[in-house]
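A.B. asks: Letter by letter, the chains look like this.
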Amino acid sequence: MIKQRTVKATIDGQSVEVPYGTSILDAARQACIEIPVLCKHPDLPPTAACGLCIVKLKDNAKLPRACATPLEDGMDVVTHDHELREIRRSVIELILSNHPNECLSCGRNGSCELQTLAAEFGIRQDVIKRTVRDLPCDNSNGSIVLDFRKCIKCGRCVTVCQEVQNVWALSFLERGINTRMAPAGDISLAESPCIKCGQCAAHCPTGAIVERDDVSLVTAAIEDPAKFCTVQIAPSVRVAIGEEFGLPPGTNLTKKLYAFMRRIGFRAVFDTNFSADLTIVEEASEFVERFAHGKGELPLITSCCPAWTDFMEKKHYDFIDNFSSAKSPQQMLGVMAKTYFAETQKIDPATIFQVSIMPCTAKKYELERTDEMMASGFHDVDVVLTTRELARLIKQSGIDFLALPDEEADSILGDYSGAGTIFGVTGGVMEAALRTAYHYVTGENLEGEAINFEAVRGLDGVKEAAIKVAGTEVRIAVAHGLSHVEQVLNKVRAARESGAELPYHFIEVMACPGGCIGGGGQPYGVTNAVRQKRIEGLYADDRDCAVRFSHENPEIKRLYEDYLGKPLSERAHQLLHTNYKPRPLYKN
Amino acid sequence: MNATYDSATLDQIAADAPTLAQPYLRVGLDTGGIAAGSLVIHEFFTAAAKKHHDFPPIKRVGSNGLSWADPLLEVNVDGLPPTLYGAVDETAAQQILDEHILGGKLVDDHALAYPNEAQARATVTKSTEHTFVLVKDTSCDDGDKTEFFQFALQEEIKRQGLDPSVQVVRALDLGVQDEGVVLRILPAGITYANVLTTQVADIVARTIKNGEVVAELQHQASVHQQRIVMRNCGIVDPEDIDDYIRHGGYAGLKQALAAPPETCLATLKASGLRGRGGAGFPTWMKWKLTREAPGAIKYVICNADEGDPGAFMDRSVLEGDPHAVLEGLILAAYAIGATTGYFYIRAEYPMAIERVQKAIAAARNAGLLGQNILGSGFDFDAKVRLGAGAFVCGEETALIASIEGKRGSPSPRPPYPSVSGLWEKPTSINNVETLAAASAIAARGGEWYAGFGTKESTGTKVFAVTGKVKHAQLVEVPMGTKLRDIVFALCGGTHDVFDIKAIQTGGPSGGVIPEKLLDTGVSYEALKALGSIMGSGGMLVMDQSDCMVDVAKFYLKFCVDESCGKCAPCRVGGFQLLQLIDKIARGNGKPDDLDLLRRISVAMQKASLCGLGQTAANPVLSTLKYFEDEYRAYIEGGRAYARKMKQAREAGTPKPVVATV
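The listed protein sequences derive, respectively, from chains A and B.
Be aware that the first sequence starts at 9, since it is given in our numbering, and climbs by one per residue.
Be aware that the second sequence starts at 43, since it is given in our numbering, and climbs by one per residue.
It should be emphasised that the hints constitute simulated quantities derived from the structure, not laboratory data.
Positions of the beta carbon are idealized from the N, C-alpha and C atoms, including for glycine.
Any given hint might turn out to be false.
To be verified - With a straight-line cut-off of 35 Å between C-alpha atoms, the simulated DSBU-like cross-links for lysine-lysine are: (1) B:Lys200 / A:Lys66; (2) B:Lys467 / A:Lys499; (3) B:Lys570 / A:Lys16; (4) A:Lys16 / B:Lys311; (5) A:Lys66 / B:Lys311.
Unchecked claim - Okay, the calculated bits of chain B under chain A, using three or more residues with CB under 8 Å as the criterion: (6) 112-118; (7) 571-578; (8) 617-624; (9) 643-654.
Said to hold, decoys possible - Computed footprint of chain B on chain A, listed as stretches where at least three residues anywhere in the stretch have a Cβ under 8 Å from a Cβ of chain B: (10) 135-143; (11) 185-197.
All chains, please: the whole structure from these sequences, using the hints.
C.D. replies: Here is the structure:
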């Protein structure tokens, strides 16, 4: 049997044995020792920028960085002593001397890693004269705000933008004390390749990159008697919001969220899981049209992630014809609220103010992506709050969120199937679509364990599978984290060029690692372990659902019967579909 | 010149080694020489050559290091000893043409001693019918007596009836410093120092007439230059591969390729050569680690991103003898198993770039680069990449990032470049000097090289001595040579107004060494123990008029400007140190500021990611260590003192020294 190679060493006098390649920083954690660090995010490779995690090695005059140095056999590491503490204190003071003293008005007040360290080290006065370059914020793209003055140049955002997402919107400019994180080429974020995925904000240790805060727009609307405020809650919000209140990741708070929304004054509480089912019905029908009836390009590529569609329009626009024209669940719910719901409830759609709670910063951009986002004649969705903004809204409201009794969503846009809820995880859209497509092709529903498509689950960057549907093989691929997309698309491109058989019939792409549960608007501190817990939360929700097929959701059925007719009907096309156009970044 | 060279071709060309019987003119056409006007001199003699039959061939060479005496011209014609002339302007060129080349006499006021003992000795082997006495007063305490001695010698020679077979010439420099009147008698090659007027008659009678050496007058040099890295600088035509081969070039490569790579590593190990870029890591070990790292594709890089203010060793070697470096690169590639090599040269060195490119093209043309080099089955080619002006790109990992087309920022090590370097392949990065030494070692053996220098630091090191020194120049000395000998015996000490205060080694990353410690022998270990570093070999001399707070500020500012900004201790630490020093220099410092200076410096040293940040505070710490009183003078003297210093600085007048405050 092949066994994992391990190394044995001593850290602060304690013996540790860890897998080969484990950094001193991670190995120390196993010995219950936390080494202070600002630049290393557990989710990202080290940048070695901050200089706080220096440790001593026996017989070595240099102080290596624990984040970037693998533990070696026989190492004798000292992580904390007076000298190291004093050096770290000096480094923190240096960083603070180049950071605005604006904690009280900062988006990260209370969750800032620099603030926390300064407090832990007992920094009581500014020994080193403060010098902060006056740089204006970049508010240009509507989703993410860059406050360059607060940047400590840890490099997390640049790493995540370049290496994890392959977007290359952010970079470092200039050098020395003038070094700054900024869109490459010193342009505005709106002009940059930024796709608003928000991974930079989710990983930033300070308030240098934050989501645009729209909480007050929502509270103002709720209190406006002329407005009929409705809300929708995305799948992955329910399994992450608890983290903001001390609960473990993956804790499902769906019903408390419904209760909270009503308490704070929303007059109708919907669930994006409902419209996820709607998206699946349309998208699965689209797939069957293309796959079984040859109408349209294959592979079909999912389009419910707005960061991905933005990326595709900028970089991979040769796949526009492959994109599913079905709108994302957020937009489908928005348009249904202002048409079907308004008509059914006899409410003037002009008065409806639709708020959407999303794990995602790009969803703020999606609201105005094209004219089709106003298919109801109004903004189908008026405001998007990310999970982090929702947490602030809850805390500002004075409502004891966790103590609320469970409640249910409002009919007729609130009921959901297990297929709808797994939209929030990588592979979930694929799985949900396959469950329904199988039904459309065979007329039967999958049963037992066959409902669970294990091959598309999990955190591998690219997942591939071949599934038999009515005797025909459907080849699928699932990619998440945009750095993984290119390899999948290049396979298709290669096949197209050589005229070979297509490698895939159906591709799911989510911009953020892990899918929406790892979205850029989710609570801070995401790692694969956290993602995994959130994923388990949603799969548990799926398992617990009485209905596990989107097409079996009774409210979906009713919607088609009462209003839309059939999937892909003219009305469905008018309200539930959109299109894409190339927007190359660099013109030849 | 299209034929591929094999071992036999190399031997054939090498057999044609030049002798002093062949006349030549060598013009120093390096960046420094050209800046001083050597192109004009080259044109002058080229024009003269057209007007005369059998004019000696005019050869383009690099600098032999005597930068203070640029433009340099070496003349070797029948009947006269080979003569090195310095400070050759157009008037001097005309004189040299008329009097020396056409007239058979040496020219006054321009002759120089050869910087290199071996070369100096070679000149005396050339027989001439005449005797030449070069004279120079090297301590002009009460006026320059050179002319007086020339006259006295001439009169005495006449008196003793030796005229006209003896010529007495005023020299520009005889390589002996501060030893009174110095005579060099050619072709005998005898040097006398501290000659008195009363001894003139004796010298003429005994030495010039009878060839007897007056032992008590003979000058014993305390230090000699040993040219290994610069062996061909100022001698070979850098743009002629055959000239390099005629001077023994590519012989080391030929030998190395005939044996397995392990033999090459063993030779390097025996030589004890350590990286000359500053860190002093054993070169053989670096190559071995790269050789042993798994992977089929490996790279070797020549780091020619010389960026220390005042340092120009690498430039001079690349401009003067590029093939020596290229040969070293090919050797390194062979030893580690690399198939591609890069010269990373800073774009500010256009002439070095051009000459390296020509060297690569010539070597490729000759089959010394490319497939199956010298029939050994070894394939290797080299390319040039330009640095865009960032000092930090001299740091290995930043250099790699730069070649890869990324922002030139260092990355944490491990992984070391020897395991994962350029494009994540095992990569060995070597300094120019290291490679030039390696090619000499390959030809002459590891033990030969280890015979120079000290036990831990073998071989020689090139220093660029600049600042308040009479002869700013390059010197190449064995390791262990005393700093005092380098500064005084080889470079003439400070100008005559002020005494020396300190020297600064290692460029902006180095530290100052006060006068009282100048008897230290140079080596990696010794300089580090003094709070400085060897660095790449910059050596700046400061005299009593220099303010050490200014010095610290100057070097620190350099590093602050050049910090890549990646890691906080260097980015913010350097900036804040500079703010503090500036505050002190304006007379606004507080006593506590010195503690803060030290504290920030330590944080930078200990917590910075790369060598730049780790050493950027060295100038501050070392000036604080040896010259804290100068800082205190600013703090205690306040603005009044700062104003006084500022006025002195602006007026260019000697600054008030601390002791008077």
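A.B. asks: For each hint, tell me whether it holds in the structure or not.
C.D. replies: Right, here's what the structure says about each hint:
| no. | hint | verdict |
| --- | --- | --- |
| 1 | B:Lys200 / A:Lys66 | violated, 77 Å |
| 2 | B:Lys467 / A:Lys499 | holds, 26 Å |
| 3 | B:Lys570 / A:Lys16 | holds, 34 Å |
| 4 | A:Lys16 / B:Lys311 | holds, 32 Å |
| 5 | A:Lys66 / B:Lys311 | holds, 27 Å |
| 6 | 112-118 | violated (count 0) |
| 7 | 571-578 | violated (count 0) |
| 8 | 617-624 | holds (count 3) |
| 9 | 643-654 | holds (count 6) |
| 10 | 135-143 | holds (count 4) |
| 11 | 185-197 | holds (count 3) |
Consistency with the previously given hints fails for numbers 1, 6, 7, ordered from lowest to highest.
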